[in-house]
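Given the structure of chain A, go ahead and fit chain B onto it with the hints provided.
Listed below, chain by chain, are the residues.
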Amino acid sequence: MKPTFSFIILCMLILVSCREDDVIVRPQVVPVTQPQYTSVKGFYLLNEGNMGTNKSTLDYMDYTTGEYIRNIYGAANPDVPMELGDVGNDLKTYGSKLWAVINCSNKVEVMRAADAVRIGQVDIPNCRHIKFHRGFAYVTSYAGPVEINPDYSQLGYVAKVDTASLKVVDICIVGYQPDGLEITGDRIYVANSGGYRVPNYEKTLSVIDINSFTVMDTIEIAENLQYVVGDRHGNIWVSSRGDYYALPGRLFCYSPAESRVVKEIDVPVGNLWLDGDSLYIISSQWSNITQSTAVTTAIVDTSTRSQAKGQLITDGTESGMQRPYSIAVNPITKDIYITDAGNFVNPGFLYCYNRDGKMQWRVRTGDTPASIAFIGETTVNRP
Amino acid sequence: MKRATAIISLLLSLTFTWITSRAEVANDSVSLSTVEVVAQRPFAKVIPAQELEGRRLEGLNSLSVADAMRYFSGIQIKDYGGVGGIKTIDMRSMGSNHAGVFYDGIQLGNAQNGQIDLGKFSLDNIEKISLYNGQRSEILQSAKDFGWAGTVYIESRRPRFNDNEHYHVNATFRTGSFGLVNPSARLDLRLNDNLNATISAEYTYATGKYHFRYRKVFEDGTVAWDTTATRHNGDIHALRVEGGLYGTMHRGSYQAKLYYYDSERGIPGAIVNNVWKNAQRQWDRNFFAQGRVRKSFSSRYTIQGNVKYARDYMRYLNPDTTLMYVNNRFTQHEIYASVAQRLTIIDGWDAALSVDYQWNSLDASLADFARPRRHTLLAALATAVSIGPLKAQASVLGTAVNDRAGNDKGRATRRLSRLTPAVFLSWQPWKEHDLTLRAFYKRIFRMPTFNELYYTDIGNATLNPENADQFNVGLTWHRDFNSTIWNSIDFTVDGYYNEVTDKIIAVPKGSGQYRWMMMNIGRVHIKGVDITASLETSLAPDLFIGGRLNYTFQRAQDYTDPSDSFDEAGSYKGQIAYIPRHSGAATLNARWRRLQGDYSFIYVGERYHNSSNIPANYEQPWYTHDLSLSYPFTLDRCTLRVTAEVNNIFNQQYEVIRNYPMPGRNYRIILKFDI
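Residue numbers (numbering that gives the first Met the number 0), protein chains in the order written: chain A, 0 to 382; chain B, 0 to 674.
Looking at chain A on its own, in the form it has when it is part of the complex:
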């Protein structure tokens, strides 16, 4: 009996390992390509992380070294408890600052664009997307004020944030569950999704006058709106997610001048990116009827308002993607970046394609790679 026990104890001693202190995760540097020198120095990529995991992480692609650096936030901000947060939904730069909208942490994290060192945060519950205009940030939120009224349903709002003081200075109530927004001229266009009201989705685009910061118009477009992009011809492109059953995802072009939808394109939009007159679209659309996922890519020419011929990816590598999730285009080199969220649980991938649609490289990211923001001299997405 003694040898038995000693043997088991011995096994346990050999095999078990002790608990150690949790060490700040060191960023991982992965060389992926040759250095390139343009006015765009690189880009940040925000990984969403699955809800409840607190695993939203920030990666950086450094064009000057050709290296992809994973998970830089912890090392840049070692004294911030619980790191970046839960579900990073949007990422943008404005001036010298980098703004990350962290949905389930109910905050917008503000960092130095140069090195991702934290400057502060703006508390906005259930925040979704961000855009900037003349020293102010505009952030959509699902969590409008609550009224004590049994028939009341909670509307969303747009928060106006002073980019210097990081304070919310005003809010404007819009439709149900507002997602994407765009600022063109003196107007803010807000896509209301109504995602919490399944199957009674919202169908409207709220138009806010930026000076009075009040809703001046509400335009019916289609169910479950998600993204809004304004092109340089003055038109507003809006994507609808459909209802996942009979109603497919589509893209709409709204003309403020004509006050009507001037074009409807039958293309599902998972994510989009406007570069010049080219609207790059990627999607993986689920159909409850065929019980399958279809991967589609498209380029829409905003000057002719029509889908351009030809494929975004020309070398067939999209078949290796599981769940293309977001897209971005380098404004100088026109390299195309597509993230693959995989199964949303394990780390995803970032693919780089050249302007001809040939894959250049791919690299592992964090969990659910989602938003890309370029750093340096860029006029991304602005006419």
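In case anyone wonders, no lab produced these hints; they're calculated from the structure. The structure displayed is predicted, hence computed values, not measured ones. Check each hint, because a few of them may be wrong.
Each computed BS3-like pair below joins lysine-lysine, with the alpha-carbon atoms no more than 30 Å apart [stated by the list, open to error]:
{"hint": "1", "chain 1": "A", "residue 1": "166", "chain 2": "A", "residue 2": "96"}
{"hint": "2", "chain 1": "B", "residue 1": "276", "chain 2": "B", "residue 2": "77"}
{"hint": "3", "chain 1": "A", "residue 1": "202", "chain 2": "A", "residue 2": "159"}
{"hint": "4", "chain 1": "B", "residue 1": "276", "chain 2": "A", "residue 2": "159"}
{"hint": "5", "chain 1": "A", "residue 1": "166", "chain 2": "B", "residue 2": "208"}
What follows is chain B alone, placed relative to chain A:
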């Protein structure tokens, strides 16, 4: 510091074990078990169970059945922390939906999500917990007993009387950390020589508040950040009332049982950046009534019948105005009946046939909900043979399932039938040694749950069942000693290989992360070793010491996506989420005269929270030490047993599930009064 406590802990368990295995003093055989010995048929032990009962169960400082089950080999508990936190078991990494949980012989169902929260079952009224891998080695049992990859049997306390006794009264009061107030009472009555009754009630209240601490350090060990907070919204109010009748008749027995559980609890939720408390609440009302009769008509023929009705109500509320408002109610009904019979064809050869029918329904306050109804018919044919040292059992289970939608949505229509086999062998090579070799193979499947099939938007009505194949070889060695010190020693080891195919996994549907779809795409291969050893000694006439060790090795690999092997972050062949390669437990109970002391140690090795086994997904090992002391004071006919417990002595700050911090050091006082 952390390392120091770890080393101390290992030394502690080592030293105790060393003492128990070295000492050489007089023997006085003391039997701990107070459980009556039920006559066992020769086939009953083809594959023995892991069991916890009597004083050993009481000595585990456990409040719930789930806490106690941490001391079994091959089991991982998913524990979200606190008194009211959800606790489910995962047997041999096959997933919690593959384990059947039986309460007093009849399965506890949850057709909605297939998960039984064992944290809801207080140990207050529990006499014995048994765990079987494969299935219970008994052929006279309901068809459902054959229908799982593994089974857990929870047996409530039965009334027992000596000749001149007519009633027992028991009152217990527990209090301690987390604002725990936990009174319970029980009355056993002897109605006549052939009929006993029992009624018991328990109320549990806890604020569920405790401190937890997160910290990170730089590589040189200096503190980067260190924060302590209080766990909120972990409160629970729960009432349990339970009554039973236990009767005997000529060559037979019968029992009837009523059970009611009513609770409200907070769901403490994940701790993430900027969110330190949550507001979600859950209400549960569970009721069941069940009965069973068993009668032998000759020494060769026995028949058994079971019936059950269960109603389960659950309400989930998310009142957080920054999130989607959710106020959902779910009601399930279950009706179940079973007949089983066993015939001894010739001595040493038995055959059994059992047939079960079950009806389940689920209604919910959800838009477009399919309101599914399920009819399940099960039939099991089993045989057991004993030829000298060789024992064998074989069974085949037929399952037919028919689902219908309770409304005009029409999506919930599904038929399925399957046959699944199991074979068990055991061999005792030497008559003079109690050494038994064993092996089993079992193929079983689990039906997709109602949620997986029909839940609005995420359900997938085309799902197939999830399959599990198990291969197991092992041995058991037992020895009683005539020596003055050693009483007995037990040793078991099992090696196994399991394959789970068509595993049901939530897969995102495309745009929008919060829309998921259930798919049969998962594949997991599990290689494992379970070892248990226990030893009972009497070091001195008044001193009894028993020790028990469990060790589990599991290599549970994700074979779902062969294309995901691009780099070290690939999930292909990665260890699946939250399964440690190494885990184990050591318990030691000592009794000196009337003073009882218990020590238990649990170790769960390093894990990853998904099958991409990279540092960013790493979860630290954790280990806790619990101690308790107990002393009974006797006054006239009454006994007052006072127990003091301290759990997680070294105040380890750990998590079983990422972002669900577990309690640090905590205390409990138990007063138990018996007449």
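Hint check:
As the CA atoms of residue 166 of chain A and residue 96 of chain A are separated by approximately 15 Å, the hinted pair is consistent with the 30 Å bound. As the CA atoms of residue 276 of chain B and residue 77 of chain B are separated by approximately 21 Å, the hinted pair is consistent with the 30 Å bound. Note on residue 202 of chain A and residue 159 of chain A: the hinted pairing holds, with a Cα-Cα distance of about 24 Å set against a maximum of 30 Å. Taking the CA atoms of residue 276 of chain B and residue 159 of chain A, the gap is about 27 Å. The hint holds against a cut of 30 Å.
For a cut-off of 30 Å, the pair hint linking residue 166 of chain A to residue 208 of chain B is broken: about 33 Å separates their Cα positions.
The structure does not agree with numbered hint 5 stated previously, though it agrees with all others.
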